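Peer 1: Protein chains in written order, with the numbering used here: chain A, 250 to 507; chain B, 250 to 507.
Quick caveat, the hints were computed from the structure, so don't treat them as lab data. Treat the hints with care, as some may be off.
Copies of the same chain are indistinguishable here, so a pair counts whether it falls within one copy or spans any two.
[To be verified] Simulated crosslink set (DSSO-like; lysine-lysine; CA at most 30 Å straight-line):
{"hint": "1", "residue 1": "K470", "residue 2": "K289"}
{"hint": "2", "residue 1": "K501", "residue 2": "K308"}
{"hint": "3", "residue 1": "K421", "residue 2": "K501"}
{"hint": "4", "residue 1": "K463", "residue 2": "K501"}
{"hint": "5", "residue 1": "K251", "residue 2": "K470"}
{"hint": "6", "residue 1": "K470", "residue 2": "K402"}
{"hint": "7", "residue 1": "K410", "residue 2": "K334"}
{"hint": "8", "residue 1": "K423", "residue 2": "K501"}
In this text, all values refer to a predicted model and were calculated from it rather than measured experimentally.
Number of protein chains: 2
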Amino acid sequence: MKSAPLVLITNDDGITAPGIAHLVSIARQLGDVFIVAPDKPQSGMGHAITINSTLRVHKTAYYGGTNEYSCSGTPVDCVKIAINKLVPRKPDLILSGINHGSNLSINVIYSGTMSAAVEGAVEGIPSIGFSLCDYAHEADFTQASPFLQRIIKNTIENSLKKGVCLNVNIPKLKEDEIKGIKICRQADSMWVEEFDERSDPYGRPYYWLTGEFKNLEPEAKDTDVWANDNGYISIVPIHADMTATVAMNDLKNQFAND
Amino acid sequence: MKSAPLVLITNDDGITAPGIAHLVSIARQLGDVFIVAPDKPQSGMGHAITINSTLRVHKTAYYGGTNEYSCSGTPVDCVKIAINKLVPRKPDLILSGINHGSNLSINVIYSGTMSAAVEGAVEGIPSIGFSLCDYAHEADFTQASPFLQRIIKNTIENSLKKGVCLNVNIPKLKEDEIKGIKICRQADSMWVEEFDERSDPYGRPYYWLTGEFKNLEPEAKDTDVWANDNGYISIVPIHADMTATVAMNDLKNQFAND
Chain A
250 MKSAPLVLIT NDDGITAPGI AHLVSIARQL GDVFIVAPDK PQSGMGHAIT INSTLRVHKT
310 AYYGGTNEYS CSGTPVDCVK IAINKLVPRK PDLILSGINH GSNLSINVIY SGTMSAAVEG
370 AVEGIPSIGF SLCDYAHEAD FTQASPFLQR IIKNTIENSL KKGVCLNVNI PKLKEDEIKG
430 IKICRQADSM WVEEFDERSD PYGRPYYWLT GEFKNLEPEA KDTDVWANDN GYISIVPIHA
490 DMTATVAMND LKNQFAND
Chain B
250 MKSAPLVLIT NDDGITAPGI AHLVSIARQL GDVFIVAPDK PQSGMGHAIT INSTLRVHKT
310 AYYGGTNEYS CSGTPVDCVK IAINKLVPRK PDLILSGINH GSNLSINVIY SGTMSAAVEG
370 AVEGIPSIGF SLCDYAHEAD FTQASPFLQR IIKNTIENSL KKGVCLNVNI PKLKEDEIKG
430 IKICRQADSM WVEEFDERSD PYGRPYYWLT GEFKNLEPEA KDTDVWANDN GYISIVPIHA
490 DMTATVAMND LKNQFAND
């Protein structure tokens with residue numbers, strides 16, 4: 250008999266976040282679960298790794314006390330140290346999330362949740378990052394469960410192309426309002442920043458980074474932003490290759506004499 | 250008369266690093282320079298942004314005292330706050346680096362230097378990240394100066410496609426040993442980690458992340474790693490779109506009924 254798949258789970262909201270708890274409960278129905286997640290919130294950490302300081306790992310008991318660890322580092326650190334130091338064998342699958350809040354489009358580069366999935370893909374392991382478009386701590390993660398199970402099962406059965414992970418975003422809808430799953434490309438988008446300038450008690454200025462998400466191609470119907478806005482769970486296949494092939498020819502012409 | 254281009258300069262090694270000092274000296278020959286760089290080393294911060302704490306900005310006097318600021322945040326924070334709060338007008342060009350150490354290939358996702366350039370591209374500004382393949386503090390940044398001037402001048406004259414930045418890596422060679430400039434794609438590569446496990450004075454374990462860079466396609470001659478290994482300065486055009494188009498059809502078939 251084939252043994253159950255080993256599923257490594259991480260996130261960026263921290264090991265005690267409701268989103269990861271829900272992902273653990275789904276994954277336990279599908280395989281052997283191993284959890285290595287940040288010991289504190291690590292949102293917005295992107296693909297940061299800890300090289301100027303040390304890492305700590307602690308056994309935890311949030312999920313029954315077996316195969317679960319918190320790590321002092323970033324989501325990417327969690328994946329690296331899990332694979333290299335903690336898991337009994339190479340995981341068959343890495344799941345990251347469920348993030349409290351959207352990771353649509355450009356957010357893939359800022360998101361610790363998605364960076365953990367990208368790192369998994371780089372390590373040659375099929376990986377999926379899940380995000381629910383609801384920032385609330387008490388967000389309802391149960392509505393999309395049947396869809397998430399299908400996406401995870403499909404990945405276990407069909408695997409993913411080498412180096413590819415999935416960016417899955419779930420609209421904030423009831424189960425019967427979710428129209429289905431759409432395979433999409435990453436929308437062209439950006440954050441329009443507005444730094445909130447304040448004064449500390451000593452009269453010195455400091456800033457909070459805030460901003461507004463802007464979809465730069467609202468008419469395009471093949472993007473993840475469109476899919477989510479229109480009631481679909483979006484899946485974007487993601488890889489770490491950031492080469493802008495579109496710019497290659499111009500540059501080759503400009504440096505043709507080298 | 251057309252005014253001189255406004256060149257925003259940042260890095261990830263911190264505002265006092267020799268690499269950024271050299272970049273400032275090159276850029277001052279080509280335009281008006283505005284510096285906003287981290288107040289401490291931020292290597293390996295990837296595309297991290299500061300959302301769980303506040304940002305500070307201080308005027309500095311390392312480069313003459315005009316138009317130079319240190320920022321408490323990451324390289325990406327530096328670009329965001331520079332554009333939104335500090336510069337007198339939208340920069341014509343963003344330069345990041347010169348990094349002390351290679352940012353070839355997969356390092357584009359871990360590198361604060363390159364993430365600053367990617368952020369610039371997302372904001373619609375032609376951006377270049379420079380890295381010298383020499384980690385030493387006393388690395389010789391002067392050897393490649395004529396090449397860097399050409400690359401910067403070319404970008405000012407021809408601009409870059411919207412959303413595209415350049416990842417420039419300079420081999421550790423004397424000026425007359427550098428064979429030229431090659432336009433490349435990002436090599437498929439990874440880090441093979443080996444966590445260095447140590448014990449603190451109380452007997453508790455902690456870890457240092459270390460590892461070895463592995464080019465997964467050493468035979469391919471169109472990659473940045475090959476170019477650098479063979480004496481060329483490599484330029485890879487980079488964008489923030491991480492969609493793995495190669496995986497799209499399989500996934501569409503697997504979820505065809507949605």
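Peer 1: Taking the hints in turn, state whether each one holds.
Peer 2: Results for each hint:
1. K470 / K289: neither (37 Å within a copy, 43 Å between copies)
2. K501 / K308: neither (52 Å within a copy, 40 Å between copies)
3. K421 / K501: Between copies only: 23 Å across chains, 46 Å inside a chain, cut-off 30 Å.
4. K463 / K501: between (32 Å within a copy, 27 Å between copies)
5. K251 / K470: Neither: 41 Å inside a chain and 41 Å across chains, both beyond 30 Å.
6. K470 / K402: within (27 Å within a copy, 39 Å between copies)
7. K410 / K334: For K410 and K334, the Cα distance is within 30 Å only inside one copy (25 Å; across copies 43 Å).
8. K423 / K501: between (51 Å within a copy, 24 Å between copies)
Comparing the model with each numbered hint stated earlier shows that hints 1, 2, 5 do not hold.
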